[in-house]
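A.B. asks: Chains A and B are the protein sequences, given in the same order.
With the first sequence counted from 1, adding 227 to any position gets you the working numbering.
With the second sequence counted from 1, adding 227 to any position gets you the working numbering.
It should be emphasised that the hints constitute simulated quantities derived from the structure, not laboratory data.
Glycine included, each C-beta is placed from N, C-alpha and C at the ideal position.
Hints may be right or wrong, so weigh each one.
20 Å max Cα-Cα, derived SDA-like pairs, lysine to any residue [said to hold, decoys possible]:
| hint | chain 1 | residue 1 | chain 2 | residue 2 |
| --- | --- | --- | --- | --- |
| 1 | A | Lys391 | B | Thr450 |
| 2 | A | Lys431 | B | Asn356 |
| 3 | B | Lys431 | A | Arg489 |
| 4 | A | Lys380 | A | Thr355 |
| 5 | A | Lys391 | B | Leu282 |
| 6 | A | Lys391 | B | Asn356 |
| 7 | B | Lys380 | B | Gly337 |
| 8 | B | Lys391 | A | His463 |
| 9 | A | Lys270 | A | Phe245 |
| 10 | A | Lys431 | B | Ala323 |
| 11 | A | Lys391 | B | Asn471 |
| 12 | B | Lys391 | A | Arg451 |
| 13 | B | Lys391 | A | Lys431 |
| 14 | B | Lys380 | B | Gln358 |
| 15 | B | Lys380 | B | Arg399 |
| 16 | A | Lys431 | B | Ser475 |
| 17 | A | Lys391 | B | Ser475 |
| 18 | B | Lys391 | A | Asn471 |
| 19 | B | Lys391 | A | Lys270 |
| 20 | A | Lys255 | A | Glu336 |
Not close to chain B: a few residues of chain A, all C-beta gaps over 12 Å, as computed [claimed, not checked]:
| hint | residue |
| --- | --- |
| 21 | Ile297 |
| 22 | Gly328 |
| 23 | Arg365 |
Okay, here's what each chain looks like letter by letter:
Protein chains: 2
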Amino acid sequence: MTDSRQDSDKYLKKRAFFDSLLTIYGRKPVLEALEDLSLPVHKLHLADSNRRDQLIARMEQLASERQIEIAYWDRKGLSRISRNARQDQGVALDLALPHYGTTEAFLNEGKKGGNQKNYELLALDGITNPQNLGMIIRSACAGGMDGIILPRKGCAQIDPLVIKASTGTLFRMRLLRCEDLAPALSEFRQQGARICGLSSHAQKSLSDFGGEAPTIFVLGNETRGVSDDVARQCTHRLRIPMHNNVESLNVAVTAALISFRRQI
Amino acid sequence: MTDSRQDSDKYLKKRAFFDSLLTIYGRKPVLEALEDLSLPVHKLHLADSNRRDQLIARMEQLASERQIEIAYWDRKGLSRISRNARQDQGVALDLALPHYGTTEAFLNEGKKGGNQKNYELLALDGITNPQNLGMIIRSACAGGMDGIILPRKGCAQIDPLVIKASTGTLFRMRLLRCEDLAPALSEFRQQGARICGLSSHAQKSLSDFGGEAPTIFVLGNETRGVSDDVARQCTHRLRIPMHNNVESLNVAVTAALISFRRQI
Chain A
228 MTDSRQDSDK YLKKRAFFDS LLTIYGRKPV LEALEDLSLP VHKLHLADSN RRDQLIARME
288 QLASERQIEI AYWDRKGLSR ISRNARQDQG VALDLALPHY GTTEAFLNEG KKGGNQKNYE
348 LLALDGITNP QNLGMIIRSA CAGGMDGIIL PRKGCAQIDP LVIKASTGTL FRMRLLRCED
408 LAPALSEFRQ QGARICGLSS HAQKSLSDFG GEAPTIFVLG NETRGVSDDV ARQCTHRLRI
468 PMHNNVESLN VAVTAALISF RRQI
Chain B
228 MTDSRQDSDK YLKKRAFFDS LLTIYGRKPV LEALEDLSLP VHKLHLADSN RRDQLIARME
288 QLASERQIEI AYWDRKGLSR ISRNARQDQG VALDLALPHY GTTEAFLNEG KKGGNQKNYE
348 LLALDGITNP QNLGMIIRSA CAGGMDGIIL PRKGCAQIDP LVIKASTGTL FRMRLLRCED
408 LAPALSEFRQ QGARICGLSS HAQKSLSDFG GEAPTIFVLG NETRGVSDDV ARQCTHRLRI
468 PMHNNVESLN VAVTAALISF RRQI
């Protein structure tokens, strides 16, 4: 019994560690990340098939200087790690982010009573511009949001552009990954969270939205808005009132107004 | 007497019209503006010395199709219009923006009792990124600010990038030009306006800043903050309270939080 408990603890710890890894790929992004000493790097992955040019030599040198483990893989192995064979250019890098996790882990904490306070999260639906993603992270972090749900499908992923636009806040913000946004929101909803879609056509204004309960604010694509699948999960629709017939705001600005609404 | 009154009215009208002109320059920006039918164009200016290539021919064709007057100048004449001989590439274009004016005209209205209500303006100090400038205009317009003070010195100027980032709001927002920001703010101050510098080091929080009076919020450069000359004109220093040790926000986000602070 004790052995199996220990094994399971070990397994869960290991799994939590792997959940905190963010894998970036492509020669330029990986080289830039290796050169940025503020980034906590776990492991460098290289394909055997890479021509040993200056760039690869420079990566190996940086990894050795920073005492970062290097793993060599065949093309297939590498593409399993990068999850993007077409764009990885034979190179991937694991960053170990302390606040990087999954919606699943967050929901499990909730079941155990770990985050039963009235958390507020942002959820991103179709945010494809890395600059905007970085600015959303920065604003949400400064505004004190409890986390950002970032689905793998349909959104920009964390890359050096995003890291740069987040001006270092990426490593302080809780990021919750999931595969698809709609099913993840459905689970949050089943646990009692309010799911609020921001829309310029909504009747209710953000300023009239009160009460205390776990709440998720969904930010949609700037042009297309919130997608249909995600809209079906929304329990509330809210708008930000605007002057001068302006129809929409930059999505990072919207994120900031939500995050700071009780502080300014 | 009547004649001279009419002459002076005519002169002032003409001057107000010319104050509303925004001159952009450079071959690509001018061509793009001519192709954008939503932009109100007054006049196309070309240097005699231009080689008559495809680009120039296309501009002339577009101007003729849109019934826009073309003026031809020697190099010196053209550079007097563009005010940037090094970058105008022999081409300039006047846009006629309905809400584009000067701080001087705004202050004169005040003296005549025209804007004695408690206006709120943003003033830009060292905002050099066109993307940010466009986003500031968009946010301030949506948030219902009464105008934006844009000095010619030290700030990005309105160009096609800014127009694009403003997503069409540029033509609805009152823009007040001046040469240098500090002397312009000094005049506003003499007319009784409160001049508020935003700074992360300020003691007083934006949320504690109440009262009703004409107010100008100064936004400084993201890296260097508000410049010394401008800081000396400030009657108040305010900060936006931030979580997670975040030190600064994107300047367009700051503009949005100020503009929307009473509505969200």
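A.B. asks: Next, verify each hint and record whether it holds.
C.D. replies: Here is what the structure says about each hint:
1. Lys391(A) <-> Thr450(B): Measuring from Cα to Cα gives roughly 14 Å; hence the hint holds.
2. Lys431(A) <-> Asn356(B): violated (35 Å)
3. Lys431(B) <-> Arg489(A): holds (17 Å)
4. Lys380(A) <-> Thr355(A): Holds: Lys380(A) and Thr355(A) sit about 10 Å apart, inside 20 Å.
5. Lys391(A) <-> Leu282(B): The given pair, whose Cα atoms are some 37 Å apart, is violated under the 20 Å limit.
6. Lys391(A) <-> Asn356(B): holds (16 Å)
7. Lys380(B) <-> Gly337(B): Outside the cut-off at roughly 24 Å; violated.
8. Lys391(B) <-> His463(A): violated (32 Å)
9. Lys270(A) <-> Phe245(A): Judged against 20 Å, a Cα distance of about 12 Å means the pair holds.
10. Lys431(A) <-> Ala323(B): Since the Cα atoms of Lys431(A) and Ala323(B) sit roughly 38 Å apart, the hinted pair is violated (cutoff 20 Å).
11. Lys391(A) <-> Asn471(B): The given pair, whose Cα atoms are some 18 Å apart, holds under the 20 Å limit.
12. Lys391(B) <-> Arg451(A): At roughly 18 Å apart (the allowed maximum being 20 Å), Arg451(A) and Lys391(B) satisfy the hint.
13. Lys391(B) <-> Lys431(A): violated (30 Å)
14. Lys380(B) <-> Gln358(B): holds (18 Å)
15. Lys380(B) <-> Arg399(B): The hint is violated at about 23 Å.
16. Lys431(A) <-> Ser475(B): With Cα atoms ~31 Å apart, Lys431(A) and Ser475(B) exceed 20 Å; violated.
17. Lys391(A) <-> Ser475(B): Satisfied, since the Cα-Cα distance of roughly 14 Å is no more than 20 Å.
18. Lys391(B) <-> Asn471(A): With a Cα-Cα distance of about 18 Å, the restraint between Lys391(B) and Asn471(A) holds, given a limit of 20 Å.
19. Lys391(B) <-> Lys270(A): Distance ~41 Å between Lys391(B) and Lys270(A) Cα, so the pair is violated.
20. Lys255(A) <-> Glu336(A): Cα-Cα ~37 Å, so violated.
21. Ile297: holds (33 Å)
22. Gly328: Its Cβ never comes within 12 Å of chain B, the nearest being 17 Å, so this holds.
23. Arg365: violated (7 Å)
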